[in-house]
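Chains as they are written, first to last, in the UniProt record's numbering: chain E, 1 to 416; chain P, 1 to 1017; chain R, 1 to 129; chain F, 1 to 230.
Fair warning: there could be bad hints in the mix.
Stated by the list, open to error - Restraint-style ranges between C-beta atoms, simulated for each label pair:
no., chain 1, residue 1, chain 2, residue 2, range
1, P, E767, R, I26, 11 to 21 Å
2, R, S36, P, G885, 16 to 26 Å
3, R, A33, E, K251, 49 to 59 Å
4, E, E155, P, G95, 50 to 60 Å
5, R, A33, P, D916, 49 to 59 Å
6, E, K251, P, R524, 54 to 64 Å
7, F, E77, P, G885, 21 to 31 Å
8, P, V414, E, E229, 54 to 64 Å
9, P, V111, E, E155, 48 to 58 Å
If you are wondering where the hints come from, they were derived from the structure by calculation, not from laboratory data.
Everything numeric in this text was worked out from a predicted model, so none of it was measured.
Note that CB positions come from ideal geometry on N, CA and C, so glycine has one too.
For reference, the chains in residue letters:
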Amino acid sequence: MQRYSGFSLVKHALSHHENWQRHWRNPTPKKRYDVIIVGGGGHGLATAYYLAKEFGVTNVAVVEKGWLGGGNTARNTTIVRSNYLWDEAAQLYNHSLDLWKGLSQDLNYNVMFSQRGVLNLAHTLQDMRDVQRRVNANRLNGIDSEVVTPEQIKEIEPALDTSKRARYPIMGASWQKSAGVARHDAVAWGFARGADALGVDLLQNTEVTGFKIRDGQIHGVHTNRGDIEAQTVGCVAAGNSGVLAKMAGIKLPLESHPLQALVSEPLKPILNTVTMSNHVHGYVSQSDKGDLVIGAGIDGYLGYGQRGSYPTIEHTLQAIVEMFPMFSRVRMNRQWGGIVDTCPDACPILSKTQVKGLYFNCGWGTGGFKATPGSGHVFAASLAKGEMHPIAAPFSIDRFHTGALIDEHGAAGVAH
Amino acid sequence: MTQSNRLNQGGRIDRSRRLSFTFNGQQYMGFAGDTLASALLANGVDIVNRSFKYSRPRGITAAGPEEPNAIVQLGASEAAQVPNVRATQQALYDGLVARGTNGWPNVQRDVMSWVGKLGGGFMPPGFYYKTFMAPASMWMTYEKFIRKGAGLGRAPTEADPDIYDHFNQHCDVLVIGAGPAGLAAALSAARAGARVILCDEQEEMGGSLLDSREAIDGAPASAWAEQVVSELAGLANVTLLPRTTANGYHDHNFVTLHERRTEHLADTAAGAGREGEVRARLHRVRAGRVVLASGSHERPLVYANNDVPGNLVAGAISVYIRRYGVVPGQRLVLSTNNDHAYRAALDWQEAGREVVAVVDSRAKPDGDLVKQARDAGIRVITGSAVMEATGSQRVSGAKVVAIDTERFVVTGKVETLECDTIASSGGYSPVVHLASHTGKRPQWRDDLLGFVPGEFKGMHVAGGAHGVYALGEALADGAGVGAEAARAAGFKEAAAIAVPDVAVRHESPISALYQVPHEKPPLRAPKQFVDLQNDVTAAAVELATREGFESIEHVKRYTALGFGTDQGKLGNINGMAIAARCLNRSIPEVGTTVFRPNYTPVSFGAIVGRHCRELFDPERYTALHQWHVENGAEFEDVGQWKRPWYFPQKRRAGGQERLETMHEAVARECLAVRRGVGILDASTLGKIDIQGPDAREFLGRVYTNKWAKLAPGRVRYGLMCKDDGMLMDDGTTSCLAENHFLMTTTTGGAAGVLEWLELWHQTEWPELQVYFNSVTDHWATMTVTGPDARKLMSEVTDIDLDREQFKFMDWKEGKVAGVPARVFRISFTGELAFEINVQANYAMHVWKALFAHGEKYDLTPYGTETMHVLRAEKGLIIAGQDTDGSVTPEDLGMHWAVGYDKPFSWIGQRALTRPDTAREDRKQLVGLKPKDPKVVLEEGAQIVLDPEQKIPMTMMGHVTSSYYSPVLESGFALAVLKGGRNRMGETVYLPMSDGSVHQAEVVSTVFIDPKGERQNV
Amino acid sequence: MFHIFCPYCQEYREEEEFHPSGQAHIERPAEPASVSDEAWGDYLFLRDNPRGIHHEMWVHRLGCRKFFNITRDTASYEILETYRMGEQPSITAASAEVRREQGVQTADGGWQTVGARPENSRLNEETPS
Amino acid sequence: MSEARSEARPEDNGGNAATFDAHPGADAGVTPESPLQWSRVQGRVTEEGGAAEQIRVVERPFLGHLVLRGGAITLDEAVRAELGVSLPGKPLGLVLDAEGSRSVQWVSPDEWLVIVPAGEEFELENRLRARLGDAHFAIVNVGGGQTLLELSGEKARELLMKSVTYDVHEQGLPVGKAVGTVFAKTSVVLRRPSEARFELVVRRSFADYCVRWLLDAGREYGLRVESASP
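Let the hints inform the model, and build the full structure from the sequences given.
Following this line, the structure appears as structure tokens:
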């Protein structure tokens, strides 16, 4: 792999950039792999990367029906945090946050992980109770998290209206300083490049049309480019997981919903951090390019259309202007929608299935991006060893039968 | 400054109305009818901005929404700042103040340009992914500089002085665009009687007719436009919306239109003398049919140094000359691959300036316009193109060379023509943006060299928006499509208007040309810009494909192509064509990117409308709100309700008068209830009237406990679960008559519970005869509670209050303070309590009467905080505070309220026997008594058993409610704790963020009067 | 934003008046006590999640407060029909597939046919679309 | 009101439902307060009066509001007998009696809203109950929970376009139609009883919000909100 550095940039500039190598190869599918990953988004690519790098499984194919990182990796609002309420979720996301911290260096690809911190605002007494509960739980789980006052909030993010004038004045917030944002596309490309360099075949424009299942054991996948064999298949297909599961005769408790987001025109730096409010329903950060990146709520109906309903956008901007009255004259440039696969308890599924060798990693809802490295790492470990990694184990499909849900609804609310 | 480029006549400006404006600190004059762009060009301002990556000087390139460079910061005062306004779309007004968004100290002499010049070579696409990685700790520092360099304009730092609103519009036919096709379509539909909305983004309706060289019915095209607009304006079924941009095309023909109401007149509505009016209005249009007549955008050619000021798209030249009387230069070279662009040369020459040459990439162009140019003595160089512009701050010349477009090479010797302006045209891109918002992919047409909108019903396309460019054809197309749309909307008789007479013009066909080949290979040639706003070059696109980015989405994202505020209106097709060339594919194989709303940026304020400030969210008030305000209540937001939180009173201490703290007020209120009598406004509780012979059966199915035997006159507490067994709401329900019940819900749960009942009734059990109606607002509810409650009540009511006649959990009807009332003996405080319901219109009378009589008992109003303390002392839960969607009735220790032997398997019952819900060690509700009575545990504090354990600690539960009890003279709390009921008497630990660890004893949830004697007196 | 024909109010209304309530035609087991934990979990949580035709329940929350059913394409968002509670859809994934094969367009570009039963066909006549 | 009602008497109305006359009677000396009382205190609502404006919003407080639930056929006969108008069977129908002071409005297939002059509602409820006998129906008095605003004037339609999503054009809301719909961030019943008038039935707790919204949206027309004396 061609190493990237400031020095390499200078070197290539002298040769008019004519000698840069491809980020990844464009290989022809082999007949057989040790592991097939279905889905070339961030999570799938991370899984492949860690399989090869950490667990020595390099005979791996990532099968992607479109282009790499073209799903929610390309459409999210790039927030990375780990201040989840329940122990199981907190461990998973904090494992991920730990990996984020060295990711650029590990991948030799700058994913621009910017630890700008995240504020989760509280506007009511119940919000404050929830904030305190979460912060206390986070602390005892080893996650940096603190309760901050309106005065402290004003110092962290001066653009916020912390006055009593607001319809729902800010009473406090939780503050995770180590949280932040990252450059979403770069995460997919970095993992892809890293996996490719370790021998993983990244098969784009390759659509899985069925599974080869015999005697309850997976034997491979049918694709539009022919059959590919493997005894271990991990599906990491986000919004399309339900469609894949159906092909394998499995039902998953998933619903795919539109989740919308929008950006303003690029502005000179005005925001320091990520601000989220479940109560007034909106969240915002500023990208390195200067856009205000704004998240909306999930739309309530099923939707694969990569768009949602306009009132959701209206409500979101109302919330933003309520929190930041000075943004009223700022202009919205573009809106879009992703397809998020949501679970009834707002937590993912990382699980074996009744088909031996067939695993699913899905149901990340609105929280997938931040989990990318952690999800990939524990899923890779599970695929490599045939046993679910201890961090992944609580996220089994079984929980919907036993009732052992990990209900992050209260903690997650609108925003991620 | 004089308007050196302004013609003495011509154009649609009003030379009698002079407007003064300031750009980059310099004062200029323009005329009414100018855009900021036309006024700047009139004044000979070449450089309007600096580019964002390389800091190269940039001038005005286009005349409409596709303009990538002339992005300005608008506003004379801080509060009126608007970032990123396109000068081509901003009407000039007197006193306008604007500046370029980049460039320091100014756009003429920009320090950063040296960085761009020297460092540009080290900034290929994606360079930031490849560096700034070492040392890792430095990234946040690197990023600070990256961020400073990015961004265009800046946000104001003060709140917006203007307001905005929404109009909900409905129409049969919405016509988007008032050019020839749109006007004809609107007229056809309007004459048929359809409700028509016609919108156009420009200051004036007419579109291309306003700068056309052609005649309609023997008169200037603009005259026809004026005549049609005036006819439409006179029709009652037509709404004309000039200055209105269709920005988003959403599902089922819902379209958002942004109308500029005062922003074309002044910085603020007040500044325009239109106080109280809106700056912009967003029309939310539900259209029966949509006619998309949005025209096309001209594509520039991609050649070296095509960003130097003085490079314009050809059509813009005609617009500036014919509409604004501005010629943006002296000597023109036109580079084109089509006939239509020749207009620019003809207009230029007629304006009295020199056309150096027309360079046409086609071998033998012979259309009428080409002939006209030749006849006018203009030099036409065929089979060639402008390969490179010379000059740095303004074009000084054009390097022209013969090219082979098939092989993508230059074939001849370079000739340099001296000029100050290069116009280019690579063809026309239909404006397909809106049509693709709903997810319909545009289709490539080889004959047009452009994408046309994908088809879907409900939408009709007319004119240039699907490649019907010739004037006569566009008019006929519009007329027919307008009639077709009206017919589809139900106006069966609609017919196309008679198409006016337009001379047919012979055109030679366009030939494909996007990037002009250069002598040097693309990576070594001077920069050939594809996306001017994002500084994306042809070399960048080529490099991206070399690095393995083969999907157009990857190319876009790696290079930032099309991500600017112009959303690639000029650059996208060129970028795709270059990517296609590099990948050796065709353009349709490379695909297109999907456009998203907005078509052009829309201020947040316009989208928010009136839903801001005090109208952001409704404030709901009870009938007693006035009293609460007048008596100094502090309020708590509970849902949308404003509920009194506590009533601080004045205290005298040391001769000083001050208000009580919340702690003091709550202690006083609590003691008043425990020792005397207090009163609470409980009107916000949800109240549902339930009538019907099966009401009782229904209650038995939705509540966990039994309802079969509840007699009229009695009240019962009930728990409501979801079918997963988790508590969702609770409240009391009273039997008013055999088939008539009144259910109460939590304040926040009111609407949800009613819908829940309806859901089950309408979907699962429609056979049950029962009706549910909300009476939350109809009744006001006042709770009189405390040992003296009966004494007070006896003074104001005719109801027999004897404890044997009127038992705990009974209700009675009678008069209170002369007003008919239902009184319920239910208690949420543990004290003797009467809950009085009267029709809300009479609530204030009753409330005041209670206070008149209550004075001698020191009747004390209390708020939600005291209510919480009192109920927690009794171990009574608040759904949503002590529960969180993961708590069953058993977890709460409410086995007594669960009827396992009811005949019908009520909602939630089955789930309670699942392995996890049946576990012994689930979190259970317990009381906590801090070892130190002065300690009030933090709500949300986590409970551990081993305070010495290293992080991560094993958390056993958390505090759900915690208060100081003035009666117990101690802090106390409710908590959920794993296996809590088996831990009575154990000590648990609560590690706090300041490092301290609180100790508490696990106790019963009932802290006061465990036998319930006090409420039952 | 959807334009939804309320089969009770018998006219099109804006989506803002409605609220989606999940998959339609989910039946609560008649004898909950006799079904397995698995079956109960499936009833609670398992839902169809098709890319394509989906039958879903909506409630006219700010209008007539009635629940009703919609057959909608989750990819195109086209509403193919709306029908009252207790009625069955006339368009299903299977029937749409047949129609597609026969070259008949199942969806009319965001325009809905209304009424799932023949006796409701009059509704089609009342609403020009 | 009789003394006997000082205790619950389930035997009233055949023992099926409890009725309740909410009014203390004129001689009780009790002054009611309409849901706009707080708005009035805040100066947002004034007494009815003054010259006709291009737009006018007037509250008609203290009217009798009854919700009727049941089958159309069952209710129709009783309503015709007691109110002299037939129950609107067509969705979204609104009928008024000859005086124009009593109205019946379709709300849903089994729900109608009856609005009558102040004080008539209890007697009407009793008469209807007597007529309906053992049939399955419900009557609910909601008069304390809502109030009625009349909108008139040439700008009324524009004001509504700023406030409700419903099509308030003649084509969408002709005379004799009433709909439940979205009003800003709450819901209202929107009625068109006559050519010259629109009506909004607003919920008590949202009434001040609605008034604030109308005043803000109507500012450019010089809107005042007035309240009629009962």
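- [ ] Take the C-beta atom of E155 (chain E) and the C-beta atom of G95 (chain P), compute their distance, and say whether it sits inside 50 to 60 Å.
- [x] violated (37 Å)
- [ ] May I ask you to test the hint 49 to 59 Å on the CB atoms belonging to A33 (chain R) and K251 (chain E)?
- [x] violated (23 Å)
Task: Range hint 54 to 64 Å (beta carbons of K251 (chain E) and R524 (chain P)) holds or violated - done: holds (58 Å)
TODO: Evaluate the given range 21 to 31 Å for the C-beta pair formed by E77 (chain F) and G885 (chain P).
DONE: violated (47 Å)
TODO: Look at the Cβ atoms of A33 (chain R) and D916 (chain P) and judge whether their distance stays inside 49 to 59 Å.
DONE: violated (18 Å)
Open item on the list: Is 11 to 21 Å respected by the C-beta to C-beta distance linking E767 (chain P) and I26 (chain R)?
Closed with: With a Cβ separation near 18 Å, E767 (chain P) and I26 (chain R) satisfy 11 to 21 Å, so the hint holds.
- [ ] Could you say whether the range 54 to 64 Å given as a hint is met by the Cβ separation of V414 (chain P) and E229 (chain E)?
- [x] holds (59 Å)
Task: Distance restraint evaluation - V111 (chain P), E155 (chain E), Cβ atoms, bounds 48 to 58 Å - done: With a Cβ separation near 32 Å, V111 (chain P) and E155 (chain E) fall outside 48 to 58 Å, so the hint is violated.
Open item on the list: Just to be sure I understand the hint, the distance between the Cβ atoms of S36 (chain R) and G885 (chain P) should be within 16 to 26 Å; is that true here?
Closed with: holds (24 Å)
Violated hints, in rising order: 3, 4, 5, 7, 9; the structure is consistent with all others.
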